[in-house]
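*Asks:* Going down the list, the protein sequences come from chains A and B.
To convert, note that position 97 of the first sequence is 97 in UniProt numbering; the numbers rise steadily by one, no gaps.
To convert, note that position 115 of the second sequence is 115 in UniProt numbering; the numbers rise steadily by one, no gaps.
Just so you know, these hints were derived from the structure itself, not from any lab.
For glycine and all other residues, C-beta sits at the position ideal for the given N, C-alpha and C.
Hints should not be assumed to be uniformly reliable.
[As the list claims (entries may be wrong)] Computed list of lysine-lysine pairs in BS3-like fashion (alpha-carbon distance at most 27 Å, straight line): (1) A:Lys-202 x A:Lys-43; (2) B:Lys-335 x A:Lys-426; (3) A:Lys-350 x A:Lys-43; (4) A:Lys-218 x A:Lys-56; (5) A:Lys-202 x A:Lys-218; (6) B:Lys-335 x A:Lys-56; (7) A:Lys-43 x A:Lys-282; (8) A:Lys-41 x A:Lys-350; (9) A:Lys-56 x B:Lys-285.
[Unchecked claim] Not close to chain B: a few residues of chain A, all C-beta gaps over 10 Å, as computed: (10) Ser-110; (11) Trp-168; (12) Asn-237; (13) Gln-243; (14) Thr-262; (15) Gln-279; (16) Ala-284; (17) Val-302; (18) Ala-325; (19) Trp-343; (20) Tyr-388.
[Unchecked claim] Quick list of simulated restraints, FRET-style, between CB atoms: (21) A:Trp-358 x B:Ile-313: 52 to 58 Å; (22) B:Gln-299 x A:Phe-416: 41 to 47 Å; (23) A:Leu-4 x B:Gln-299: 30 to 36 Å; (24) A:Leu-4 x B:Asp-3: 32 to 38 Å; (25) B:Asp-3 x A:Gly-160: 20 to 26 Å; (26) A:Gln-40 x B:Pro-235: 58 to 64 Å; (27) B:Lys-113 x A:Phe-172: 49 to 55 Å; (28) A:Phe-416 x B:Pro-254: 47 to 53 Å; (29) A:Phe-172 x B:Asp-3: 45 to 51 Å; (30) A:Ile-408 x B:Ile-313: 40 to 46 Å; (31) A:Tyr-273 x B:Phe-319: 51 to 57 Å; (32) B:Ile-313 x A:Leu-409: 39 to 45 Å; (33) B:Arg-331 x A:Phe-416: 18 to 24 Å; (34) A:Gln-279 x B:Gln-299: 51 to 57 Å.
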Amino acid sequence: MDHLLTARSLFGTTMAFHIIFATLGVGIPLMVLFAELLYQKTKDRDYAIMANRWTKGFAILLGIAIPSGTIAGVQLSLLWPGFMEVIGKVMSLPFQIEIYAFFVEALFMSIYVYAADRIAPWMRILSVTLVAIGAMASAILITNVHAFEGTPAGFRIENGEIVDVDPWAAFFNPSFVVTATHVVLSAFMTGAFVIASIAAYKMLRTHNHKRLYSFHRKALMLGLTVGGIFSLLTAMNGHESAQLLHEYQPEKLAAAEGLFETQSHAPLAIGGYTDRETQSVKWAIEIPWLLSFLAGNSFDTVVVGLNDFPEEWWPPLFVHTLFNAMVGIGMLLLLLSIIGFVWNKVLKRKEFPRWFMWPVISAGPLAMLGIEFGWIFACTGRQPWVIYRMMKTEEAVTQSTNLGTLFILFTIVYIFLFIAVVLVFKHYFGRHPVENELDKHQNHSLLV
Amino acid sequence: MTDELIAISILWGFIFIYAVMATMDFGAGFWSMIYINRQQTNATKIANRYLSPTWEVTNVFIVAIVVALFSFFPRATFILGTVLLIPGSIILLLLAIRSAFLVFAHMAPTYEKVLTYISGVSGILIPALLISVLPITHGEFIETIDGVSRLRLDRLFTSPHEYAFIGFAIASTLFLSSLLLADYSNYADEMEAYQVYRRDALMVGPIAFIMSLLIMVTMRNEARWLYDGMMDYLPWLIASVIMFLVAGAALFLPSMKHKGRKGMPRLAVIAIVLQYFFASYAYGKAHLPYMIYPDVTIQSGFTHPNTFRALFITYIVGFIILFPGFIYFWRLFMKDRRYLQQEKQK
Ligand code: HDD
Ligand code: HEM
Ligand code: HEM
Numbered sequence: 001m002d003h004l005l006t007a008r009s010l011f012g013t014t015m016a017f018h019i020i021f022a023t024l025g026v027g028i029p030l031m032v033l034f035a036e037l038l039y040q041k042t043k044d045r046d047y048a049i050m051a052n053r054w055t056k057g058f059a060i061l062l063g064i065a066i067p068s069g070t071i072a073g074v075q076l077s078l079l080w081p082g083f084m085e086v087i088g089k090v091m092s093l094p095f096q097i098e099i100y101a102f103f104v105e106a107l108f109m110s111i112y113v114y115a116a117d118r119i120a121p122w123m124r125i126l127s128v129t130l131v132a133i134g135a136m137a138s139a140i141l142i143t144n145v146h147a148f149e150g151t152p153a154g155f156r157i158e159n160g161e162i163v164d165v166d167p168w169a170a171f172f173n174p175s176f177v178v179t180a181t182h183v184v185l186s187a188f189m190t191g192a193f194v195i196a197s198i199a200a201y202k203m204l205r206t207h208n209h210k211r212l213y214s215f216h217r218k219a220l221m222l223g224l225t226v227g228g229i230f231s232l233l234t235a236m237n238g239h240e241s242a243q244l245l246h247e248y249q250p251e252k253l254a255a256a257e258g259l260f261e262t263q264s265h266a267p268l269a270i271g272g273y274t275d276r277e278t279q280s281v282k283w284a285i286e287i288p289w290l291l292s293f294l295a296g297n298s299f300d301t302v303v304v305g306l307n308d309f310p311e312e313w314w315p316p317l318f319v320h321t322l323f324n325a326m327v328g329i330g331m332l333l334l335l336l337s338i339i340g341f342v343w344n345k346v347l348k349r350k351e352f353p354r355w356f357m358w359p360v361i362s363a364g365p366l367a368m369l370g371i372e373f374g375w376i377f378a379c380t381g382r383q384p385w386v387i388y389r390m391m392k393t394e395e396a397v398t399q400s401t402n403l404g405t406l407f408i409l410f411t412i413v414y415i416f417l418f419i420a421v422v423l424v425f426k427h428y429f430g431r432h433p434v435e436n437e438l439d440k441h442q443n444h445s446l447l448v
Numbered sequence: 001m002t003d004e005l006i007a008i009s010i011l012w013g014f015i016f017i018y019a020v021m022a023t024m025d026f027g028a029g030f031w032s033m034i035y036i037n038r039q040q041t042n043a044t045k046i047a048n049r050y051l052s053p054t055w056e057v058t059n060v061f062i063v064a065i066v067v068a069l070f071s072f073f074p075r076a077t078f079i080l081g082t083v084l085l086i087p088g089s090i091i092l093l094l095l096a097i098r099s100a101f102l103v104f105a106h107m108a109p110t111y112e113k114v115l116t117y118i119s120g121v122s123g124i125l126i127p128a129l130l131i132s133v134l135p136i137t138h139g140e141f142i143e144t145i146d147g148v149s150r151l152r153l154d155r156l157f158t159s160p161h162e163y164a165f166i167g168f169a170i171a172s173t174l175f176l177s178s179l180l181l182a183d184y185s186n187y188a189d190e191m192e193a194y195q196v197y198r199r200d201a202l203m204v205g206p207i208a209f210i211m212s213l214l215i216m217v218t219m220r221n222e223a224r225w226l227y228d229g230m231m232d233y234l235p236w237l238i239a240s241v242i243m244f245l246v247a248g249a250a251l252f253l254p255s256m257k258h259k260g261r262k263g264m265p266r267l268a269v270i271a272i273v274l275q276y277f278f279a280s281y282a283y284g285k286a287h288l289p290y291m292i293y294p295d296v297t298i299q300s301g302f303t304h305p306n307t308f309r310a311l312f313i314t315y316i317v318g319f320i321i322l323f324p325g326f327i328y329f330w331r332l333f334m335k336d337r338r339y340l341q342q343e344k345q346k
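Construct the entire structure; sequences and hints are all you get.
*Replies:* Have a look at this one:
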């Protein structure tokens, strides 16, 4: 692998690892908050137990989210010093504000976990709320940097010098709001579906134990409800993201859709793979006119094709598959939520059929895959630019060599940590089954 | 004060806070490892009780330092980022393993021992590596060919100066943390633990002091410009030594609050923090205007003025918002006896 490719792979691996824990770090606190609120409202202790157990799971995840995020933050400067020099001058506000969000989250997370038994219920709720807000804010802010890379604003480069810097204009760059919303909504959706997955799995295994079954059923309903709402919002907002690409990064949209010729009434290609030689998407299902409609809300919207750009500006063409996979997962999960809703609320059936548990079990992992595909699509689809039309990735990369060894080392550590976290989950929840908590009245510290 | 001076002072402030918090954090991890087999003294439990709620907050400071560095001094970050790729990556890997296992050790008590060993050992290696950034900024280990900067690891690891810093980092880590834990256990009325940590502090303190002298001796040969600069701040260095002696004395004087107890650990902690404050002030002042000698000064590496202004405002707003949070946190974990004295945690 050449130097640049190694650097990209290393950073991409770090991010792909971090995002698993980061997404749950945004999604789970929201679920804990809902459970706490439900407990205060219904006084049903099951919800308090849920909040408690999810918090423990969250605390384990934090053990990875925080160090992997620290790696991500420092690695940006180590691997992409050229990029960070520009970011330092123009776009450091979100990073700086993110620090405050981290502090809020870290302070109140410790308070919620280690001082739960010493603070009033309203203070507990306030603490989780602040944890949830802190996590959400850090996601919004870091995504803002990513948005800036796609739609840079607030500076110009003149003879290699950065001039006319307006940090707030950079902060409020054109795609900030839509992109950040997409990330937060999809994280909420993923957190909820992961909870639903676990609950569904447990329901299959405890169906002849009434008390346990009803506990997990409540968790399932909460997860499905929240997940359903947010999958709808994610899809709606994803549509807006795509329109933003149409406006600001047309070659990314063209690559996502495998569109080579500029045209109105452009078709939407679903599935298949993009073939460079024949300039077509092979094996795809084409829906005529739909792409134009999606891009600009009317069939005669002209969608720019790849051939209008020099070939060295084309993003890698496989992003079509990534994009399809993300959207496909979104549609699937939306469908799942609708079926669940109709079954439960419209047909008023109390129990879901057993077969329905299997798609629900897959919902959490699928949502997480959606996150991964979406991110790799967004970052890889930006190539060859690290800052769109301003700075090429190759200009940003470090001049130090020996990245290969580091790549291997980091990958080993990620795999190792991943295995460790799985083992700790199994160990902890194996030794503290929910049965124990359901009968014992517990009122002391939440952790250990 | 110029913008550059304000910026470097903020950065320096973060580094100082992190240095103090992190030494305590890493050291506590180390001590909890050392005393893990001595159930009767509670020394491990005290260390863990301090560590559990604080490590996350401490970790945010390291991120805050990196962010302050690249947002205020993008040019310096460019060079530092380039030369620190290898040591920086190693630090990151150790940090990741350590933080993860710190959390896991609490969650999986069966494996607590091995997990505590991992976090204890990495906790002592990290400060040793982190401090190496300082001698690297002294300049003689960076080689620039055709505009590309490179770290000469061979020169770094054959330099007595580097080893003086490493020794100092390890000794300081153990010293500060044992002092703090002595104070913490004293406050919690855990007498055996207090005795253990007081003894440790008395043992490592002089070693840390000797190491700091070694730094000065080797600096005289290897970074003369800095040595001369520091000599201009001799009064600060002397004040620092005096504080060290005050701390030593405080550990022997009889307690005023409790009859029959030896030592005033709170006073000792304050004195030692002041000792490090004075010494690092002298070091920092002498280092100016260089960020990295001799190429990068605080002026040459500075960010865009508009960005600086915007950042500065967020610092003020952020501080106002966060301050009550920190106070509340402090009261819950450092002052609340219900937390400090809770019965054996399960
Ligand atoms: C559960 C995850 C998930 C789901 C179901 C969806 N997305 Fe998404 N999408 C993401 C998770 C995600 C993400 C991981 O959060 C990304 C990566 C970068 C970003 O801003 O968000 C993303 C990026 C992203 C982008 C690229 C933005 C850019 O490059 O700047 C577009 C155009 C869409 N999405 C569109 C959609 C559409 C039309 C969906 C229809 C259902 C959809 N997404 C579902
Ligand atoms: C957390 C989820 C993310 C994932 C999974 C992810 C994935 C990736 C991948 C795979 C690459 C390599 C792209 C390629 O070369 O083909 C990359 C590059 C990059 N990403 Fe992301 N990314 C994520 C989030 C972010 C965010 C939030 C930022 C903004 C700070 C960001 C900034 C960058 C930069 C600067 C590069 C390197 C330069 C480049 O290749 O353009 N990434 N990322
Ligand atoms: C959009 C993708 C990302 C999301 C949603 C996200 C979210 C999070 C969350 C929720 C945490 C856990 C913090 C906590 O619970 O205390 C975290 C940690 C962290 N993330 Fe990410 N992150 C993303 C990408 C990045 C990137 C690209 C960077 C680097 C520039 C980064 C830097 C960090 C750092 C430094 C931490 C550790 C903070 C600490 O010490 O507490 N994150 N992130």
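*Asks:* Indicate, hint by hint, whether the structure satisfies it.
*Replies:* Hint by hint, here is what the structure shows:
1. A:Lys-202 x A:Lys-43: Roughly 23 Å between the alpha carbons, so the hint for A:Lys-202 and A:Lys-43 holds.
2. B:Lys-335 x A:Lys-426: At roughly 35 Å apart (the allowed maximum being 27 Å), A:Lys-426 and B:Lys-335 break the hint.
3. A:Lys-350 x A:Lys-43: With a Cα-Cα distance of about 22 Å, the restraint between A:Lys-350 and A:Lys-43 holds, given a limit of 27 Å.
4. A:Lys-218 x A:Lys-56: 19 Å, holds
5. A:Lys-202 x A:Lys-218: 12 Å, holds
6. B:Lys-335 x A:Lys-56: Within the cut-off at roughly 25 Å; holds.
7. A:Lys-43 x A:Lys-282: Cα-Cα ~57 Å, so violated.
8. A:Lys-41 x A:Lys-350: 22 Å, holds
9. A:Lys-56 x B:Lys-285: 46 Å, violated
10. Ser-110: At about 4 Å from chain B, A:Ser-110 fails to clear the 10 Å cut-off, so the statement is violated.
11. Trp-168: A:Trp-168 is in fact no farther than 10 Å from some Cβ atom of chain B, at 6 Å.
12. Asn-237: 27 Å, holds
13. Gln-243: 30 Å, holds
14. Thr-262: 38 Å, holds
15. Gln-279: Holds: least Cβ distance 41 Å, greater than 10 Å.
16. Ala-284: 41 Å, holds
17. Val-302: It holds; A:Val-302 is separated from chain B by about 38 Å at its closest Cβ, greater than 10 Å.
18. Ala-325: 29 Å, holds
19. Trp-343: 37 Å, holds
20. Tyr-388: 20 Å, holds
21. A:Trp-358 x B:Ile-313: 52 to 58 Å: 53 Å, holds
22. B:Gln-299 x A:Phe-416: 41 to 47 Å: The hinted range 41 to 47 Å holds for B:Gln-299 and A:Phe-416, with Cβ atoms some 44 Å apart.
23. A:Leu-4 x B:Gln-299: 30 to 36 Å: With Cβ atoms ~32 Å apart, the hint holds.
24. A:Leu-4 x B:Asp-3: 32 to 38 Å: 35 Å, holds
25. B:Asp-3 x A:Gly-160: 20 to 26 Å: Taking Cβ atoms as reference, B:Asp-3 and A:Gly-160 lie about 23 Å apart, which means the hint holds.
26. A:Gln-40 x B:Pro-235: 58 to 64 Å: At 59 Å between Cβs, range holds.
27. B:Lys-113 x A:Phe-172: 49 to 55 Å: Holds, at about 52 Å.
28. A:Phe-416 x B:Pro-254: 47 to 53 Å: Holds, at about 51 Å.
29. A:Phe-172 x B:Asp-3: 45 to 51 Å: 24 Å, violated
30. A:Ile-408 x B:Ile-313: 40 to 46 Å: 43 Å, holds
31. A:Tyr-273 x B:Phe-319: 51 to 57 Å: 53 Å, holds
32. B:Ile-313 x A:Leu-409: 39 to 45 Å: 40 Å, holds
33. B:Arg-331 x A:Phe-416: 18 to 24 Å: Check failed, 38 Å falls outside 18 to 24 Å.
34. A:Gln-279 x B:Gln-299: 51 to 57 Å: 54 Å, holds
Checked against the numbered hints listed earlier, the structure breaks hints 2, 7, 9, 10, 11, 29, 33; every other hint is satisfied.
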